[in-house]
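Put together the whole structure using the sequences plus the hints.
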Amino acid sequence: QQPVQSPQAVILREGEDAVINCSSSKALYSVHWYRQKHGEAPVFLMILLKGGEQKGHEKISASFNEKKQQSSLYLTASQLSYSGTYFCGSVIQGAQKLVFGQGTRLTINP
Amino acid sequence: DVKVTQSSRYLVKRTGEKVFLECVQDMDHENMFWYRQDPGLGLRLIYFSYDVKMKEKGDIPEGYSVSREKKERFSLILESASTNQTSMYLCAVAGTRYQPQHFGDGTRLSIL
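Top line first, the protein sequences correspond to chains A and B.
Residue numbers -5 to 104, in my numbering, belong to the letters of the first sequence in order.
Residue numbers 45 to 156, in my numbering, belong to the letters of the second sequence in order.
All clues given are correct.
Taking lysine-lysine and the BS3-like style, the derived pairs with C-alpha atoms no more than 27 Å apart in a straight line are:
1. B:LYS101 to B:LYS57
2. B:LYS99 to B:LYS114
3. A:LYS91 to B:LYS99
4. B:LYS101 to A:LYS91
5. B:LYS99 to B:LYS115
6. B:LYS101 to B:LYS114
7. B:LYS115 to B:LYS97
8. A:LYS49 to A:LYS20
9. A:LYS91 to B:LYS114
10. B:LYS115 to B:LYS101
11. A:LYS91 to A:LYS61
12. B:LYS115 to B:LYS47
13. B:LYS114 to B:LYS62
14. A:LYS31 to B:LYS47
15. B:LYS99 to B:LYS47
16. A:LYS91 to B:LYS115
17. B:LYS62 to B:LYS115
18. B:LYS47 to A:LYS91
19. B:LYS47 to B:LYS114
20. A:LYS53 to A:LYS31
21. A:LYS20 to B:LYS101
22. B:LYS97 to B:LYS62
23. A:LYS20 to A:LYS61
24. B:LYS97 to A:LYS91
Residues from chain A that keep clear of chain B, each with C-beta distances beyond 10 Å, as calculated:
25. PRO1
26. ARG7
27. GLU8
28. ALA12
29. LYS20
30. LYS44
31. GLY50
32. ILE54
33. LYS61
34. GLN64
35. TYR68
36. ALA71
37. SER75
38. SER77
39. GLY78
40. GLY88
Note that these hints are calculated values from the structure, not bench results.
Using N, Cα and C, we set each Cβ at its ideal position, and we do this for glycine too.
Here's what the structure looks like:
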């Protein structure tokens, strides 16, 4: 039931864009996105509930596809501060808990 | 913002010891969670609690137990610590089990 994240790791130069995917074999009730910087606690970024939904800030946004089986996190014109490990968490429809993916490690170089 | 405090950042214990990890929140949220984090495996749920004295098993409860006697405090207990329980342990808190979770800084536990 663990969602599958891809890629497992990304290395970018500052200013480049990144996309992180989170997929499930079953329809999801919701998807959460978190970022964890090295040595720190994971921090909540956003939650998506509706099929076809897109939300987020200027440079960090996310989408949830119509079938509610895939979500993508978009980081545009990446900054050094975006470095860290990104986790998606999914709640399968009918299930009672949030399950996290294995994480995507994002490294931004100057 | 919710403040989630874990009792220790680093802890070293010996095989066979009984180990207590404590987590305290300041926001009166019903739901509290214990995860372990291992490289390449993400965050795996050990146990969660949805009210005082109420608990549910997560995905990897074997070798662990929990206690929630007061709403603000959730303890993880390693009954007889083993080396394969060396890991980072994270506590999280949420209003409901589906709402965003707020994490503590984690306890890096080493079992020798």
